[in-house]
Amino acid sequence: MTSLVDSVAARNATVEEELARRGIDRREFFKLCGAIASLMALPAGAAEQLAAAVAKARRPSVIWLSFQECTGCTEALTRSHSPSLESLIFDLISLDYHHTLQAASGDAAEAAREAAMKENAGKYLVVVDGSIPLGNPGYSTIAGVSNIETLKEVVAGAAAVIAMGTCAAYGGLPAAQPNPTGAVAIRDLIKDKPVVNIPGCPPIPIVMTGVIAHYLAFGALPELDGLGRPKAFYGETIHDRCYRRPFYDQGKFAETFDDEGARRGWCLFKLGCKGPVTYNACATSKWNGGVSFPIQSGHGCIGCSEPNFWDAGGFYNALSMPAHPLNVGAGIAAAGAAAGVAVTFFNRGKKGAAKAGHETTTLDDLEK
Amino acid sequence: MSASLEKGVRVLKEMIDAPIASYLNSCVHCGICAEACLFYTETGDPKYTPIHKLEPMRRLYEQEYTLLGRLARMVGLTKPVTDAELAEWQELVYNSCTLCGRCSVVCPVGNDIVYMVRKMREGMSAAGHAPDGLKGAVTRTVKIGSPMGVKLPAVKAQMKHVEADYGIQIPLDQEGAEYLVMLSSMEIINFPEYLGAIAKIMRHAGKTWTLCSEAFEATNAGMQIGNSDLARVIVKRIVDGAEKLKVKTVISPECGHAYTALRWEGANLIGRPFTFKVQHIVEVLEELRLAGLLKTEGMETDRLTFHDPCQLARRGGVIQPQRNLMAMIAKDFHEMPDAGFMNWCCGGGGGASAIEEGEELRLEAFKRKKSQLDAVKPHRLVTACANCRIVLEEGLEHYQMNLPVVGLTETIAEHIPDPVGND
Amino acid sequence: MDQLQFLTWVRGTGLNLTLAIFVLGVIWRLIEIYGLGRKQDLSAPRDVAGASGWHTIYRRSIPPPGMLKLSPVSYIGGYVFHVGLAVVVFLFAPHIALVASLLGPTWPGLPSQVVDFVSVVTMAAMVAVLADRITKPAKRFLSTFGDWFTWTLTFLPLLSGWLAVHHLLLPYTLMLALHILSVELLLIFLPFTKLFHAFTTFGSRWFNGAVNGHKGVPV
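Protein chains in written order, with the numbering used here: chain A, 2 to 369; chain B, 99 to 521; chain C, 980 to 1198.
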């Protein structure tokens, strides 16, 4: 892991200079740029363009704010057993503030943040993980300051905001029913700066890298969908890229977690897989450097990059099943029977009355 | 003079039962009933679609017997049935429906439309919206004894003629006879050979039989006009006569609706099962044939076909016997297309032949019968219903078809040999 | 409310409400209709094998002699879309999971491509019967708002399901939610429209067969 709180010189260096300083292989760098270009489906030749542009770019200052989060997003980014492409992200940016990764603490840490904000006013990037409680500011504070105050203060001078993880992007776990802290997403609060959502619980690390690289190379954030997610990574559903899709189409499903179908790698739709309604790159980019992803490991997608996925009807309830246990039983049947019997009672009475009132027709009665 | 909308509505409410409720809720407006009804197929006018005949009853059912329907009426979303509407429906319920029952056997969801039309007529007649022709017929039947005004003296006169022609005595009011023979006015007046045929066959088979002076008329105009109270009066005469004479079986003559009225509606009209059997003459002949009591001689050699009366075949369940009987005496017999269970109506049943203002429509509907006959080109047409005979003859004349129509019983009788030693 | 929340609602509260109205409605209406009863037939029956209400329940599914050529679209189109609907509803795995979860045992389904083909054929048949309703005089004459409405209620689930599977018109999650919603509307209105023939056809055919069977006529 590269050290992250650097000297002033390091902060102002270009990416190329910084890579040279650390002795990072230029081939590694080109591999990263090539991977990012293809992942984001950039046109042919873009890899070279990207590499050239990124190399010359000044590493941007990044201030990482952590609010109501579990640190899983950071873990995803940093948990690798060998230097991975994902970790090279830290060579592209100057991470000037991060609770878990920074060496400093207390006042020194806050001072470093304020210094970075002042020096890079209007140009730094803010990365946020975790949701913000509006119920009571005291639910989550840093250095005695409420999250929302911190957010507003730091974002004021930012060039753009990246909401990392589903909590920051949509509220996540804290916002799940009954949302006791009144948790909200970044987009709900920040309206005057560009916000990119990188949802996932946690998100796929390469997505973060791709967004940063794109920003460095082209000076703009990549194209976003209606939920603020980069289309390059969130444009297709898991279902449409899943390697088990042929089994879905053939109607071959695992019925339980260790049955014949499960062992043969059949579709997990019946075990609650939310692949069809989940937009993410898991089925293609996968995790841990492309090793696997949940479905490949035998567990259905839980839809973690979608808003409110915690409240979407249970992880093991197939999409075509009721979202929660139904309340239609003997009571309803009895009510229907009661209604029917009541009407029949009146009907029979009416018919009986008509019969009782029958006036035997004589020949004369055929005329009016 | 008390027919009124109120009375009609009350009667309709009485008539509606679970089957009708089920039928009205099952109709999906598929129009297949129209394709089975000769009044629609030969005119192309969709107003003759059978299920449409029940529209006032359907609305009434909805408004009276369903919760949502009652609510709808309360807020004015559905209009109550009016007298003008029933007047408009008279043509649909009477002139253009012979109660032939074809619609009931084709409806995909199982609706028994003819069952409903029969009950609709109860309400229509109580509301004063029955055709004059039928009112006249039922009046004459109740007051005089027959729809054509035939009284006992006329019957006795015919009996004498037949006795003279055939040389056989016609029994009257014989207590303990096995069979009570009923007649229809049509036969008494137009086809006296029927009575002679009966006499011949009974003698040949060795069976005892009798006519009844108090109940000689089989046809039931009360059933045709659709009024159970009046139908009951007419049926009761027959029941009283049969029980008084202690007969085993009452024979319904070559007539369609007489059979339906007595065999199927009779017991329900008087409110108790009969103590005697009821059979159509065709059923009796078949029974005699099976018992070996009907030994015919010779065959008809011209090209023959058979018209199944709706009330006998499709509505009465007597379909094969007439074929077995024809096989006994017809050498060159050919079935019409759709013969038997799916036969097309002659167009004059259900009282339609008594409705003067419906004649033009009947003749147009006859084109269907004409096309059946054109497919076979018979020399003669055999049937087992006097009303069908008259209606067929009228239709054939209108279309200038030279085709004699004869009755099955008389044709069988022609092949019964005279007993040896008789002159 | 976003797409996934809408989907979760129709799968949850919406489905709950729908099934409650459906169960309540069906039971109420069945009792309302059949509770009227019928009088006993006092005439002597004619016993003929094969003539009864039960026989008519299945036999009435066969077009009587001569009727098929008089109304081919009603029969053929009608059969194709009824059978097609049954195949799509009961032999597509996601649907089987739902029905099985409500009623009990499960059964194998057909491959998705087969169901896809069947759903297209079903929709085509439905369009054909709609066209027939518009062009055939008797059908057009009988048709009321209820006929057009129920046709639409039945067609939309097919169309929306097909569009969802093929990712057409709207994003999948939304299309799926609308598909489920369209099914819920169909179920809610079923007991109170002519769609109730799904239940009463059996009773009607039985009564018809019984009355005629009493006379010894197999219908």
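These are computed hints drawn from the structure, not numbers from a lab. Hints are supplied without guarantee of correctness; some may be wrong.
In silico DSSO-like cross-links for lysine-lysine, where the CA-CA straight-line distance does not exceed 27 Å [as the list claims (entries may be wrong)]:
| no. | chain 1 | residue 1 | chain 2 | residue 2 |
| --- | --- | --- | --- | --- |
| 1 | A | Lys356 | B | Lys334 |
| 2 | B | Lys241 | B | Lys344 |
| 3 | C | Lys1048 | A | Lys356 |
| 4 | B | Lys334 | C | Lys1018 |
| 5 | B | Lys254 | B | Lys305 |
| 6 | C | Lys1173 | A | Lys351 |
| 7 | B | Lys475 | C | Lys1048 |
| 8 | C | Lys1048 | A | Lys351 |
| 9 | B | Lys465 | C | Lys1048 |
| 10 | C | Lys1048 | B | Lys468 |
| 11 | B | Lys177 | A | Lys352 |
| 12 | B | Lys241 | A | Lys369 |
| 13 | B | Lys177 | C | Lys1173 |
Keep in mind the model is a prediction, meaning the values are calculated, not measured.
Do the hints match the structure? See the list:
1. A/Lys356 x B/Lys334: holds, 21 Å
2. B/Lys241 x B/Lys344: With Cα atoms ~25 Å apart, B/Lys241 and B/Lys344 stay inside 27 Å; holds.
3. C/Lys1048 x A/Lys356: Violated - the C-alpha atoms of A/Lys356 and C/Lys1048 are around 44 Å apart, more than 27 Å.
4. B/Lys334 x C/Lys1018: This hinted pair holds, its Cα atoms lying about 20 Å apart.
5. B/Lys254 x B/Lys305: holds, 22 Å
6. C/Lys1173 x A/Lys351: holds, 25 Å
7. B/Lys475 x C/Lys1048: Holds. B/Lys475 to C/Lys1048 sits at ~23 Å (cutoff 27 Å).
8. C/Lys1048 x A/Lys351: violated, 44 Å
9. B/Lys465 x C/Lys1048: Roughly 19 Å between the alpha carbons, so the hint for B/Lys465 and C/Lys1048 holds.
10. C/Lys1048 x B/Lys468: holds, 20 Å
11. B/Lys177 x A/Lys352: holds, 21 Å
12. B/Lys241 x A/Lys369: Distance of about 20 Å is within 27 Å: holds.
13. B/Lys177 x C/Lys1173: Holds, at about 19 Å.
Of the hints listed earlier, those the structure fails to meet are numbers 3, 8, in rising order.
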